[in-house]
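K.L.:
Please put together the full structure from these sequences, using the hints given.
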Amino acid sequence: MTRHAGVIGSPIAHSLSPVLHEAAYHALGLQGWSFHRDHVAAGDLAAYVMGLPEDWVGLAVTMPLKEEALALATEADEVATLTGGANTLTRIASGWRADNTDVYGLQQALRDGGLTTTDSAVVVGSGATARSALVALSHLGVHEVRLLVREEVRPAALELAARLGLHATTSRYADGPTSWGHPGVVVNTVPSGATPPVDGWELPEGAVVFDVVYAGWPTPWAAAWAAHGQTVTRGDGMLLHQAVRQVRLMTGHAAPTDAMATALAVALEAGR
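Residue numbers (this note's numbering): 887 to 1158.
Quick caveat, the hints were computed from the structure, so don't treat them as lab data.
These numbers come from a predicted model, not from an experiment.
Among the clues, some could well be false.
[Claimed, not checked] The following label-pair restraints were derived from C-beta to C-beta distances:
(1) Pro1090 <-> Leu938: 42 to 52 Å
(2) Arg1058 <-> Met887: 49 to 59 Å
(3) Arg997 <-> Ala1109: 22 to 32 Å
(4) Leu938 <-> Pro1083: 41 to 51 Å
(5) Ala979 <-> Pro1104: 44 to 54 Å
(6) Gly1157 <-> Ser920: 19 to 29 Å
Even for Gly, the Cβ is constructed at its ideal location relative to N, Cα and C.
P.N.:
Okay, here's the thing in structure tokens:
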């Protein structure tokens, strides 16, 4: 029986989600399963989903569609509802179910990057992925978070921080690094090229810097940190772990994590 799934967003050409999901299908021995990659612009998600045939069972949702994904769902998991955005849609009898696997993916990736627990964090950005970062960081023991944004912080991020019991402050890029604090972890959630400068920003020894971006590595931001002696953890770990959860949701099978990780590493190496 044929089954289709895919990843959607804008931009989307860089996405390695097909590599991960197709590796899972192969390792699980699933016949007739295929995974697509489609460009869907902001505002177009509902029309796109309505046009999908019945043999489409799931969608991985990337920027800028996560809020739209939650809005069109007839059922949603607690994390998607909490963060106000979903990165996964699966077909159910009543329509589509929305899930957020970004939180799990980021938690696992931060642990893999060496983070155990810390009291303070900086999150660059305040959109859907930033909200997932807030939840993940709260689970890792963070109590104070600074939202670092180019212009104005989105109210939903501040509201979520309050609901999580986080003491949240905000800063703009223009305020300069002396006002950004000395956090134990910095998580960038904005696209490459939209990040703040790092000159003059001093982090404590052992601080973890994480960039959700994984394409075009090293990003200018990661390279700038490297020039200052700070290693930046690449976002492929988050991509892997959130996809592990997606595979389970879409296929009903436990995901073959090792096979997916190997396929991702090969694809990243080929793309250098």
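K.L.:
If any of the earlier hints don't hold here, list their numbers in rising order.
P.N.:
No numbers; nothing is violated.
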